[in-house]
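Trainee: The chain contents come next:
4 protein chains.
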Amino acid sequence: MIIVMKPTAGQAEIDHVVEKVEAVGCKTTLLEGTNRKVIAVIGDKRDIPPEYWDTIPGVEKAVPILTPYKLASREVKKSDTEIKINDQVLGGKKIGVIAGPCAVESQDQINFIAEGVKKAGAIALRGGAFKPRTSPYSFQGLKEEGLEYLARAREATGLAIVTEILSPEHIDLVSSYVDVLQIGTRNMANFLLLEAVGKCNKPVILKRGMSATLDEFLLAGEYILSHGNPNVILCERGIRTFETHTRFTLSLSIVPHLKLLTHLPVIVDPSHGTGVRELVAPMSRGAIAVGADGLILEVHKDPEKSFVDGPQALTIESFEKLMKESGAVAESIGREI
Amino acid sequence: MIIVMKPTAGQAEIDHVVEKVEAVGCKTTLLEGTNRKVIAVIGDKRDIPPEYWDTIPGVEKAVPILTPYKLASREVKKSDTEIKINDQVLGGKKIGVIAGPCAVESQDQINFIAEGVKKAGAIALRGGAFKPRTSPYSFQGLKEEGLEYLARAREATGLAIVTEILSPEHIDLVSSYVDVLQIGTRNMANFLLLEAVGKCNKPVILKRGMSATLDEFLLAGEYILSHGNPNVILCERGIRTFETHTRFTLSLSIVPHLKLLTHLPVIVDPSHGTGVRELVAPMSRGAIAVGADGLILEVHKDPEKSFVDGPQALTIESFEKLMKESGAVAESIGREI
Amino acid sequence: MIIVMKPTAGQAEIDHVVEKVEAVGCKTTLLEGTNRKVIAVIGDKRDIPPEYWDTIPGVEKAVPILTPYKLASREVKKSDTEIKINDQVLGGKKIGVIAGPCAVESQDQINFIAEGVKKAGAIALRGGAFKPRTSPYSFQGLKEEGLEYLARAREATGLAIVTEILSPEHIDLVSSYVDVLQIGTRNMANFLLLEAVGKCNKPVILKRGMSATLDEFLLAGEYILSHGNPNVILCERGIRTFETHTRFTLSLSIVPHLKLLTHLPVIVDPSHGTGVRELVAPMSRGAIAVGADGLILEVHKDPEKSFVDGPQALTIESFEKLMKESGAVAESIGREI
Amino acid sequence: MIIVMKPTAGQAEIDHVVEKVEAVGCKTTLLEGTNRKVIAVIGDKRDIPPEYWDTIPGVEKAVPILTPYKLASREVKKSDTEIKINDQVLGGKKIGVIAGPCAVESQDQINFIAEGVKKAGAIALRGGAFKPRTSPYSFQGLKEEGLEYLARAREATGLAIVTEILSPEHIDLVSSYVDVLQIGTRNMANFLLLEAVGKCNKPVILKRGMSATLDEFLLAGEYILSHGNPNVILCERGIRTFETHTRFTLSLSIVPHLKLLTHLPVIVDPSHGTGVRELVAPMSRGAIAVGADGLILEVHKDPEKSFVDGPQALTIESFEKLMKESGAVAESIGREI
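Chains as they are written, first to last, in our numbering: chain B, 1 to 337; chain H, 1 to 337; chain R, 1 to 337; chain Z, 1 to 337.
Since the hints were made in silico from the structure, they are not lab data. There's no promise every hint is true.
As the list makes no split between identical chains, a pair holds if one copy fits it or if it spans any two.
SDA-like cross-link-like pairs, simulated, lysine to any residue; straight-line CA separation at most 20 Å [unchecked claim]:
(1) K199 / T67
(2) K6 / P64
(3) K119 / R154
(4) K202 / L214
(5) K93 / P64
(6) K321 / A120
(7) K94 / T28
(8) K84 / T28
(9) K94 / A328
(10) K61 / N86
(11) K143 / T213
(12) K324 / R335
Please model the complete structure; the sequences and the hints are all you need to start from.
Mentor: See the structure below:
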């Protein structure tokens with residue numbers, strides 16, 4: 001860390017900063033610049049937030065040198081993490097596609113979709129049983145009934161089941177039915193939930209908070225890793241910007257950037273990330289081309305009748321087409337789907 | 001609601017839309033524009049999200065006319081809601097200031113600050129016992145021990161106690177110690193938590209999500225109201241934008257805008273909203289001048305030693321100064337502090 | 001257009017709105033909703049901004065139905081516009097790559113790069129002679145000397161020349177040397193410059209303003225089209241968001257969205273759009289996969305010695321690799337590079 | 001500046017960086033951290049952008065210590081700059097209010113408004129003659145005819161005249177009629193225009209670019225100052241964020257932050273900054289409370305008939321009320337209006 005002193009800071013203030021730095025077990029070197037004095041701090045104390053140092057009299061700002069996360073970092077683990085999802089693996093050469101409806105609505109609906117997406121090449125079935133909805137007046141999901149439908153769809157097709165979890169109290173219930181837990185964008189910074197899934201052994205898909213920075217996203221992953229669960233899959237799902245032509249701005253550049261910094265697999269959600277059906281297929285191709293390890297997509301029997309999030313859902317037919325086109329792109333970069 | 005048809009939509013598609021609209025109990029009027037056909041939908045169905053209609057073949061977009069919230073709206077309740085916090089009232093002529101440290105650290109610390117802020121005119125004491133922290137390696141709060149310290153500080157000073165609540169499972173515990181529950185920015189869309197506090201009878205300070213729109217913020221309030229708790233205080237605390245000179249962008253314009261649309265009281269948090277100590281006092285004056293009903297501020301015994309969020313915390317001395325200056329601004333607009 | 005009246009609006013206010021609408025030559029239909037009265041306006045008057053109507057007493061808001069642009073729209077011209085750049089064509093099956101240094105520095109430098117990028121398959125050479133720089137103390141470009149070097153590089157290689165133009169007064173000078181004019185992100189809303197290039201016959205690359213919406217971007221294109229120049233190439237180059245891991249957020253979803261709405265070709269600038277060298281190649285592949293008609297890339301002889309914008313520049317060797325990889329992606333979607 | 005090396009950087013790469021740093025006349029100190037080597041650069045070279053250093057092999061990032069601007073900085077000039085506008089002064093105890101219509105429409109209109117705002121206490125009259133409009137089909141201003149009307153309104157009232165300038169070629173014409181030149185938000189990074197007004201001797205109101213950071217804003221001011229014109233007035237006018245309840249997000253926190261960093265006066269434009277008439281008066285009070293040196297406001301004879309930007313314009317009556325209320329807030333912080 002580098003501590004930049006104010007131009008007005010005197011020797012007493014510098015001595016005081018040095019004392020505080022040494023008190024946490026680090027060493028210092030004083031640099032006398034042309035306009036500023038700067039104190040270089042030597043030692044790995046990334047658990048102390050840089051803001052701590054800003055409060056000391058005479059300090060202008062503290063600049064961290066190290067990343068705030070460790071376990072998620074490639075510096076700690078160089079090779080790509082591959083995550084087992086039942087008999088499939090996410091994070092290797094094969095790009096894994098997870099597909100299904102936004103919300104589970106009935107046994108018929110979920111079986112129909114499960115069979116359709118399996119035939120088209122999906123490795124897992126997604127479906128919401130507990131739905132976080134912006135309005136208290138909107139449909140909130142079938143809850144345990146929905147989980148039962150999902151489990152039966154797994155029996156029928158062999159597909160692993162992915163569902164969103166909203167609260168630590170639901171972990172036992174949800175885990176008894178499904179194979180992969182999903183943390184939604186609105187819960188990326190629900191740290192008690194991150195801790196709770198960190199203590200269980202199911203793979204976790206962690207969706208990026210819609211206003212999370214890259215560091216905050218990796219720190220949320222670090223929460224899960226640091227509580228003992230190594231099976232974290234990061235998912236870019238669109239960020240909130242001034243753009244209104246799409247519901248969110250799908251930030252594909254974070255995918256290759258994450259792949260440089262972390263060993264964890266990274267997938268992309270073009271359905272929520274755009275909210276526009278016509279954009280789901282091209283953005284799926286784009287996600288693969290930039291290096292995503294997987295996709296998570298909304299597919300519906302009849303998008304028109306979907307209880308929630310219809311405008312971005314694909315039919316089975318358009319999903320089949322998307323899989324074919326995406327497969328061609330995957331091959332062009334030496335991967336498969 | 002207005003449903004705009006695509007230029008290519010034919011009579012069959014229009015008939016189909018009309019049928020679907022009538023199926024939910026609304027009436028329609030067809031408008032033949034120069035370039036587009038438009039279907040006006042008559043009836044109050046704000047529980048159906050506009051996205052639902054976008055999925056129907058031939059529809060270009062659906063434009064809602066009504067606000068998505070009801071109970072929070074001034075159309076439902078014209079007069080300002082005043083909320084009792086022990087022997088004080090928030091939302092009337094008097095501007096209520098809530099102050100205290102980011103995190104409770106010891107009995108001495110919290111008593112010292114409680115006495116200081118009480119003397120300077122605060123109506124309640126804030127202090128974090130359960131802290132949501134971006135890094136798993138940061139200090140997470142004293143938990144129940146912190147609640148005990150807060151309760152003793154109330155005994156000593158008579159100040160009402162405000163603390164953040166992170167999970168529905170904590171409600172009984174936290175409610176047994178404190179007077180006002182606070183929902184943090186990272187939990188504004190934790191709908192299970194909103195429901196849970198909606199079922200209890202304590203006043204709730206609802207902080208705006210850092211990327212929440214005005215509608216989403218009011219819908220989060222609507223969650224609490226619709227579960228039976230009328231005592232909701234809205235709090236602007238800074239939004240995430242491209243600006244980096246402050247930690248967040250404190251959006252003061254939402255204060256008078258909320259006051260037009262809702263009867264609920266609105267307060268402002270200039271400490272988290274800026275993250276820069278020198279800006280807390282001017283932004284407090286600004287918040288009052290634009291019409292805020294209160295402030296929530298970080299005050300510390302010795303900001304340099306604070307475990308968390310030091311750079312934005314005031315000393316007792318600077319808090320006293322802030323209260324005097326803010327009081328003058330309050331008077332200039334016909335209010336008091 | 002739809003005019004929504006306030007719940008408090010009476011008959012006199014409605015009559016007044018109807019009168020004003022008829023005064024501009026449109027017809028009206030009154031819709032009596034459950035909670036609001038709404039006036040549907042029939043007629044194509046997209047030159048009147050919706051804000052105009054908001055000012056009339058009793059009006060809550062005016063909602064436009066038509067897009068604000070016409071000439072740029074696919075409603076006016078269905079087939080893709082192909083633009084001739086000397087002996088090459090942009091906008092067809094072939095994806096055109098424009099490459100070169102951020103700033104022209106010397107004849108040797110520009111010739112070396114021109115030959116390198118031509119060999120690797122570029123269709124045009126870019127190079128800045130007039131550089132818009134954030135700091136007045138930074139290198140501002142070689143000006144006319146730079147244009148001369150570019151023209152000689154064209155003689156040597158046959159590549160068309162693309163350069164940025166900063167002011168209407170420079171049009172004659174710059175046009176006498178180069179083949180394609182580029183409008184930078186900071187000038188997308190410099191309407192006098194848009195008018196000026198609209199009156200000349202050179203193809204224009206219009207970069208998206210870093211905070212321009214899709215509509216504003218197309219309206220900037222409309223400025224050029226409406227002054228008589230049909231040769232407009234739209235370029236996504238990154239928007240300003242809260243993300244700091246990249247210099248801007250490259251919004252690839254606007255590419256397929258633009259392709260739905262406009263007949264104009266769309267290219268992408270992954271160099272400025274990310275500002276991170278390691279991300280240029282993956283984002284180039286992503287741009288092609290989502291449907292871009294071309295790329296504009298920074299390539300340098302020795303990025304380390306570049307006067308400006310070094311961190312995102314490729315060497316000739318990495319550009320060759322990028323072209324090969326991008327070519328494979330292009331083929332996978334039925335195009336070529 | 002601090003140069004952080006990659007964990008993989010070897011001695012040869014460090015030597016190479018040191019060589020490059022010394023080549024520009026700076027000195028270095030090597031710091032051996034626990035996980036990284038860091039090179040501290042001593043010497044004031046803020047004309048070299050930090051990105052330059054990022055390109056050198058082995059460098060992870062370069063962190064600047066000094067601000068990129070000089071002349072605008074309080075480090076160079078401690079006391080507040082006061083700027084003469086005819087017989088008035090901006091930047092002292094008195095808060096200067098500039099008011100007038102968005103666009104000049106006729107002699108009668110501008111005289112009526114000039115007299116109204118003068119009586120209510122404005123120090124200058126604003127009015128647009130050359131209007132930058134998002135759509136090519138919108139009214140673009142009366143041009144020189146508008147300037148003549150403005151000059152006659154000055155004769156009639158004695159008010160100084162403020163108008164926007166769009167291009168270097170207009171400087172002689174516009175300067176011959178008006179007293180203060182305004183650079184609009186879309187031209188804040190039109191560096192040729194900044195240079196041109198930097199060479200003239202009229203005071204300049206520089207509006208913040210809608211996506212400009214604090215540093216970029218001050219660097220735009222530095223352009224004007226460094227070309228010889230010391231009379232720069234900075235104006236916050238709203239930034240582009242995800243918020244849609246207002247047209248822009250008026251970022252009041254930049255006002256006290258600028259006042260800490262620069263000696264230049266800072267004013268606020270609540271009319272464009274919100275785009276909502278009901279918010280103009282409260283945000284004017286807020287701007288004064290946070291320390292603005294002035295306001296620039298849209299006032300219209302009859303907002304309903306305004307050619308442009310009606311929804312945010314005040315009538316003379318509401319402007320009088322705003323001035324009274326704002327005056328009370330000004331007094332409460334020891335200033336006057």
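Trainee: All hints are to be evaluated individually against the structure, with a verdict given for each.
Mentor: For each hint, the structure was consulted:
no. : hint        : result
1   : K199 / T67  : neither (24 Å within a copy, 42 Å between copies)
2   : K6 / P64    : both (17 Å within a copy, 14 Å between copies)
3   : K119 / R154 : within (14 Å within a copy, 54 Å between copies)
4   : K202 / L214 : neither (24 Å within a copy, 37 Å between copies)
5   : K93 / P64   : neither (35 Å within a copy, 41 Å between copies)
6   : K321 / A120 : within (9 Å within a copy, 33 Å between copies)
7   : K94 / T28   : neither (48 Å within a copy, 48 Å between copies)
8   : K84 / T28   : neither (45 Å within a copy, 49 Å between copies)
9   : K94 / A328  : both (13 Å within a copy, 18 Å between copies)
10  : K61 / N86   : neither (49 Å within a copy, 41 Å between copies)
11  : K143 / T213 : neither (32 Å within a copy, 28 Å between copies)
12  : K324 / R335 : both (13 Å within a copy, 16 Å between copies)
Hint compliance for this structure: hints 1, 4, 5, 7, 8, 10 and 11 are broken, all remaining hints hold.
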